[in-house]
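Participant: Chain residues, written in single-letter form:
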Amino acid sequence: MLILECPYCGVKAEETELASGGEAHLKRFGPGSDDEQFHDYLFMRENPKGVHFERWRHANGCGKWFHAARCTMTMEVFGTYAAQAYEPPQEIKDKITAKRPGWSWREFSDASE
Amino acid sequence: MSTRLAKQGRLIDRSKQIDFTFNGKRMQGYAGDSLASALLANDQMMMGRSFKYHRPRGVVASGSEEPNALMQLGKGDRYEPNQRATTTELFSGLTAASQNHWPSLEFDVLSINNKLSRFLTAGFYYKMFIHPRPLWKHVYEPIIRKSAGLGEAPDKELKDADSYEHFYFFADVVVVGGGVAGLQAAKAAAASGAKVLVMEQNSHWGGRAPVDGGTIDGDTPDAWIEKILQELRGMANVTLRDRCMGSGVYDHGYVLGYERLTDHAPGQGGPRHRLWRVRASQIITATGAIERPLSFAGNDVPGVMLAASMRDYVVNWGVNPGQKVVVATNNDDAYRTALTLHEAGVEVVRVVDARDTGGGELMEAVREKGIRVELGRAIARVKDGPRVTKVAICAQNGEGGAQEEVEADAVAMSGGWSPVVHLWSHCGGKLTWDKEQAFFRPDPNRPPLGDNGAGFVVAAGSANGNLGLGAVLEDAAAAGSQAAEAAGFPAKSVAASKGVAEDEALMQPVWLMPAKADIKLRMKTWLDYQNDVKVSDVQLAAREGYESVEHTKRYTTLGMATDQGKLSNINGLAILADSLGAEIPQVGTTTFRPPYHPISMGAIGGEARGEIFQPVRKTPIYDWNDANGADWEPVGQWRRPFAYCRSGESRHDAVNREVKNTRENLGLLDASTLGKLIVKGPDAGKFLDMMYTNMMSTLKIGKCRYGLMCSENGFLSDDGVVARIDEDTWLCHTTTGGAESIHGHMEEWLQTEWWDWKVYVANVTEQYAQVAVVGPKARKVLEKLNNQAGGGMDLSKEALPFMEWRDGQIGGFNARAYRISFSGELSYEIAVAASEGQAFWDALMEAGKEFNVMPYGTETLHILRAEKGFIMIGDETDGTVIPQDLNLQWALSKKKEDYLGKRAHLRSHMADPDRWKLVGLETVDGSVLPDGAYAKGEGVNANGQQNVIGRVTSTYHSATLGRGIAMGLVKHGPKRMGEVIEFPGTDGKIYKAKIVDPVFYDKEGEKQNV
Amino acid sequence: MSNPVTATNGAQFAGMATVADAGLQGMITLRGDLSSKVLAAAVKAATGAKVPAQRKIETSESGAAAWMSPDELLLLVPYEAAVATTAELAEALKGEHALTANVSDARSFFTISGEGARETLAKISPVDLSPEAFAPGDFRRSRTAQVAAAFWLEADGSLRLVCFRSVGAYMFNLLSNAAHPQSAVGVYQG
Amino acid sequence: MKRYSAFAVAREALRYHTGWERAWRSPEPKRHYDVIIVGAGGHGLATAYYLGKNYGITNVAIIEKGWLGGGNTGRNTTIIRSNYLQDPSAAIYEKARSLYETMSQDLNYNVMFSPRGVIMLAQTEHEIRGYKRTAHANALQGVQTEWISPERVKEIVPIINLHGPRYPVLGGLWQERGGTARHDAVAWGYARACSDMGMDIIQQCEVTGVRTEGGRVAGVETSKGPIDCDKMGMIVAGNASHLSEMAGFRLPMESVALQALVSEPIKPCMDVVVMANTVHGYMSQSDKGEMVIGGGTDAANNYTQRGSFHHIEETVRALVETFPMVSRLKMLRQWGGIVDVTGDRSPLISKTPVGNCFINCGWGTGGFKSIPGSGWAMAELMATGHSPLTEEFTMNRFKEGKFIDESVAAGVAH
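Chains as they are written, first to last, in the numbering used here: chain A, 324 to 436; chain B, 10 to 1019; chain C, 35 to 224; chain D, 139 to 552.
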């Protein structure tokens, strides 16, 4: 049973207060996109063994969506941040780099590489 | 025989005698007894039968690791099978019965399996009963299943008489185990100011230190324990809980505590078990160690016990398990048992020490008492029977020849100790093999990792592999400080109490006694008592290629019994390693899974039973509905009346009555469950244009529009009427149960995709009671209410036309009236404050009397809409249906560049002209089509399945039309009007139906537009 | 016009804590920019309270303002005044991007009082309710058994809890069950 | 291979069972195989078995990172049923179920298939409609199922409480020929038969890379060295994303935890499998007497084989409500597995962008019951390039919007 800090409430909320919302930082493709783009947007999910960025909602709480950077092998949480972002904040990326040198996830990676 | 001693028994109160029964026999014990100690005091050594061979079994341990002494406890609604006698506190009126035998414990027919044991080896059933095939199903399997299980199942109608609850608690440091290590660790952690919770599974504190002796800070362990408990109780930051087992460690510092509140006093009131759900920053496992049996032939005969457990029975409960005892060991600790027995007046026939060099000062002390100690010797076999009678002794380093036989009625055995590493391991803590002491211990470099990526479990004391009293206390103090520091409390150095006990010589691993025991002995040498797994079984598994430890476990069932291998795992691993010519750590362990010790399902479920099993959502009119014949239908968490059944009326008749009355007179529907969302802001129109497939931004203030929602994947997800309230405010109705999900859906898009759009959404569903006033007399009843109140809003056709809404007063109630219709009748949906909902309903019922008003339920709602060909989300849709399938193209805005689902509809399968489309269906004979029936096509597909060309989505008897009507999705349906297609029923009949227009009633819509 | 009623109609249960229907309470949802001065003034005018900090409730003689999320407050006003106050708020916030809604009738409202109040709630909510962690003026939205709720602690040590009206009966049964007279845990009392 | 029989057991008993031979060989890998199957779980072993049995392809290696049958094959709740709604699902699950009926004889290994019957309870009007629809569909698909009344449910399941205050039992969908089997034995039986055909099962051998040449797989790099092949099948459930990336393509799939638990063993009290989807729980009694219990999946990506305890709580309280006597049983053990879930929660059995590489994954919570059907179809696809059973389960369906959605009838598919 995970605990994640809601960046809006500042509470360490346990999993039963939260709803999991899948992969973070998806780019929406609507009319005008080709079949491949639309397919990838809807179905092609990152499924990494290790660093993952995902969405959660503080459903039984403030109701806000936020992002978490988490390791799927150890459940370590590198940090949480507001959902209104196109990419993880540098501070979070640095934290991950410190703990998982050489990490990469989609277009994001250890900048020191 | 086993008897109560005149002296000893630190846990019992001899002034309080307690009566109980075992297998119907009346017996006596004392307050403080466990059921096991009380049975032993009554010379009841045999306490059960094993699982497979039904061999007689006695108690072998004194704690939760006990595999044999399992009882059926209690009666009626407090009955429970498989309770360990060793962890059951004796109480007055306790009734216990032994398990897994017929007709009696002493004489058990299935002990024939014991005679057949040569055939019934590990995995025999995988190799047998294969031919002929029918015999497996009809003969063999029924026999195997009949003989399965341990205790009798509770009665099929049993309703648990007890209640259960949960409790959330937060601590900086949780200490699991209230032995001297746990107490010492708690003290060290608490000194730093950390908030500490200590859990102890027993009703007494201190663990086994008081039995094992030695001194702590110069005091007896008992005295020291009393003192430190007092200290801890005096600290505001420390919570001590006894009868509370740390049952599992989970991710991110989650610990479960299983508190048994009334098991020792059933029926005293209050919850029976409380499941503590604790979030800890750090967890200290001070869970002690468990003694290992020795593997010799006949090591399962009643009277063979773990040496330290035998000592427990003498010291803690003043019970003497036998008169003449043989002690067998590979380590020094068992000598303590010899000394304890001797002191209690029991004859120690022999100490058989497998080590050639023997032990240290404890051995000398034993010899000084005149007890015969034999080195390099082993037990060759214990004579089979319901009780130990004879023990054969031989050289350890041989095959079991040249035996000397001695008379004895009990055997104390010690194969060394294994730290209890379960809680360390539950969440991924790794182990390391300690070669010297021959056990797995926690590897401090590989602890389970918490949310911050750092270790969150610290092992302490013997659970950490420190067996000597002095080392235990030092390790525990260090663990306490370490945990507090890791939890963010700079450690105050707390000096460990000084423990002094006898020096012990090294143990010597002995995995088989004698070392080269022949196959006949190995086939009588038990590893797993409860599941009847023997040394020969593990060797067979290895020989057959089941080499992985998990294969061996599963093939032999080693460690899969209710003790989860607490006694058998290491011994079995060692035999497996030996068979494979590998080292034990290479073989590894099986996975440790929670719970440490079985916990009640009741406790896991907690308070959620009966009335509060799940929330029932109630509308403001719920109680009235309930009192007026509502036949309830669960819709999500809501309950809605399916129909209002009058006394003696069937559901079917009630529905027909409601349908007709609503069409002819006046019906009321409690529509409060429909979701109501306010969407407001400068970008609200733009936003709703994305949410709905049709255009909402152009809706005029005061008007309503029916809207469709699709998921991004193109499927219909919800529908409802949207009303424009003012320049930047809309009110969106959702389906019942849609309020929360659509609210969430809107927030998701606003927060995560279009966060710069200025839109706020609020869910006001429950602010209102909403009543649909439906039927030709709808306007009349509302106008009557207004007349009675001396005025109110103008509800005329002109002032409030179809698909518009107005605020005002109706019958003196502040109300919002929507002129919308889901029935094809003249209809108003009126929203009033929920707190006034019942009063408004009452007023309508009263005023409606002269118009023959009747409430109607969801089934009538369904039929009325089906007669009109309106679709229903959840009936015509099922998550695979797109608007085009339902001929709803008109609701897909072509003007909008984008809306959720638009892109999805362009994919090839969604644009496929062969998709099944909505039509009406009329049976040729007027009967009702079966729900969910499929229309048969020509031939079969490549997998031999009948081809199908459509299916029924809704089907009803229409009281209005006096016949069956249905809607369905049919391949090329709209182009096949008038065709008759066939629906095979599951009743063997073929239903023939004609494809028709889905609007069955009032095709021109004259009735709603009056 | 009738007398409005609550979902649990004045129900009460006395066990290790006393659970009671707290009656009709005016409640207004306000969504907007919580840092806005206009909004602060409107809140003050409506409730007499200032805009609360994160996870706090500010109370005054006549009302209170509680922090629901970074862009939402729950305002407490007398029940009778809720409709008018909602309208006044809307008027005062006209130039702002804000939403006000009267939700007085959409809620059930309870008090949990007595020595066992904290423990009663701690049986059903995954929130640290120890005195060190939860003090008067603290406000928390969370889960209570299987439904959402918001609660806070009054200066007298009693708890106030708000949930949806439809689950008012469930909540009352749940709290009463948790307050069973023989179920004191003994960690936050005695 | 020495055949197993009661006679053989008796003969061996006389010599204290010292004469049994290994159930499967444990060879070192050869340099080249016609076919490499990655993953020695039930699906991988079954695929290999039918490649040999149906197509005579026996130069096959089955490569396993851990021990055979050690993934989801050995940690599921062993339910076998085929009462699915959609045609493609019903076809492959029914194929599997029918193969289970004769599996013990086919493999000469008693997998203890127990066709005791499976009931799916209907507890809402919506569920009634869903199951009646399934019953109609099944009748046309050649799957024997039946809609039964609450009274009949009670007859079949005496410990059930029909009149729960929240969700009374309104009937059920009954598949008399569904049931359970001994999960480990399925893997072991296939392994023994594969080994007997000369196939190499290589355990403790991790694939560390996939070598491709000209858009085709040439071989794999493993912890035991490089191995070449003409064709490759990836059948590794939750690890499929990881492996497919080595071959250079991606999968529409995520891996999440699914948990289960057992009670302590009690004497027989429930003779069938019961699934209650409204309250999210299902239960059967094993041949050992344990009540085997499962529920829904966790939501977040996870490779730890541990789930969140609140799912266990939800499942247990649902079962206590449905079977009140369960309240006084005890949970003996809980565990988790990693299940692979696709966009429509139906499997992928498909060709891939890499010509001679085939994928079989995404079984989610339905893996065990499908093992023989999945192996049969995958073998056909790999051997001939075409299988009617797999036709609808392609990777392309997500692009076309042609989903196979089983949640239509029942909230969850187990």
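What the hints contain is simulated information worked out from the structure, not anything from laboratory work. Since this is a predicted model, take the numbers as computed values, not measurements. Any given hint could be a false lead.
Said to hold, decoys possible - Straight line, CA to CA, 25 Å or less: simulated DSS-like cross-link-like pairs of lysine-lysine:
{"#": "1", "chain 1": "A", "residue 1": "K350", "chain 2": "B", "residue 2": "K905"}
{"#": "2", "chain 1": "B", "residue 1": "K903", "chain 2": "D", "residue 2": "K233"}
{"#": "3", "chain 1": "B", "residue 1": "K984", "chain 2": "D", "residue 2": "K540"}
{"#": "4", "chain 1": "B", "residue 1": "K926", "chain 2": "D", "residue 2": "K405"}
{"#": "5", "chain 1": "B", "residue 1": "K806", "chain 2": "B", "residue 2": "K789"}
{"#": "6", "chain 1": "B", "residue 1": "K712", "chain 2": "C", "residue 2": "K128"}
{"#": "7", "chain 1": "D", "residue 1": "K540", "chain 2": "B", "residue 2": "K945"}
{"#": "8", "chain 1": "B", "residue 1": "K695", "chain 2": "B", "residue 2": "K709"}
{"#": "9", "chain 1": "B", "residue 1": "K84", "chain 2": "D", "residue 2": "K292"}
{"#": "10", "chain 1": "B", "residue 1": "K926", "chain 2": "D", "residue 2": "K540"}
{"#": "11", "chain 1": "B", "residue 1": "K168", "chain 2": "D", "residue 2": "K405"}
{"#": "12", "chain 1": "B", "residue 1": "K911", "chain 2": "D", "residue 2": "K540"}
{"#": "13", "chain 1": "D", "residue 1": "K405", "chain 2": "B", "residue 2": "K124"}
{"#": "14", "chain 1": "B", "residue 1": "K439", "chain 2": "A", "residue 2": "K350"}
{"#": "15", "chain 1": "B", "residue 1": "K439", "chain 2": "A", "residue 2": "K422"}
{"#": "16", "chain 1": "D", "residue 1": "K405", "chain 2": "A", "residue 2": "K372"}
{"#": "17", "chain 1": "B", "residue 1": "K767", "chain 2": "C", "residue 2": "K71"}
{"#": "18", "chain 1": "D", "residue 1": "K292", "chain 2": "B", "residue 2": "K945"}
{"#": "19", "chain 1": "D", "residue 1": "K537", "chain 2": "B", "residue 2": "K905"}
{"#": "20", "chain 1": "C", "residue 1": "K128", "chain 2": "B", "residue 2": "K709"}
Participant: Each of the hints needs a verdict: does it hold here or not?
Facilitator: Hints, one by one, checked against the model:
1. A/K350 x B/K905: Given pair A/K350, B/K905 holds - Cα atoms ~21 Å apart, limit 25 Å.
2. B/K903 x D/K233: Violated - the C-alpha atoms of D/K233 and B/K903 are around 46 Å apart, more than 25 Å.
3. B/K984 x D/K540: holds (23 Å)
4. B/K926 x D/K405: The given pair, whose Cα atoms are some 53 Å apart, is violated under the 25 Å limit.
5. B/K806 x B/K789: holds (12 Å)
6. B/K712 x C/K128: Given that 25 Å is the threshold and the Cα spacing comes to 23 Å, the pair holds.
7. D/K540 x B/K945: Cα-Cα ~22 Å, so holds.
8. B/K695 x B/K709: Given pair B/K695, B/K709 holds - Cα atoms ~14 Å apart, limit 25 Å.
9. B/K84 x D/K292: Given that 25 Å is the threshold and the Cα spacing comes to 24 Å, the pair holds.
10. B/K926 x D/K540: Within the cut-off at roughly 16 Å; holds.
11. B/K168 x D/K405: holds (18 Å)
12. B/K911 x D/K540: holds (16 Å)
13. D/K405 x B/K124: Within the cut-off at roughly 23 Å; holds.
14. B/K439 x A/K350: violated (40 Å)
15. B/K439 x A/K422: It holds: about 20 Å lies between the C-alpha atoms, which stays within 25 Å.
16. D/K405 x A/K372: Not satisfied, since the Cα-Cα distance of roughly 42 Å exceeds 25 Å.
17. B/K767 x C/K71: holds (19 Å)
18. D/K292 x B/K945: violated (34 Å)
19. D/K537 x B/K905: holds (24 Å)
20. C/K128 x B/K709: It holds: about 21 Å lies between the C-alpha atoms, which stays within 25 Å.
This entry does not satisfy hints 2, 4, 14, 16, 18, going by the numbered hints stated previously.
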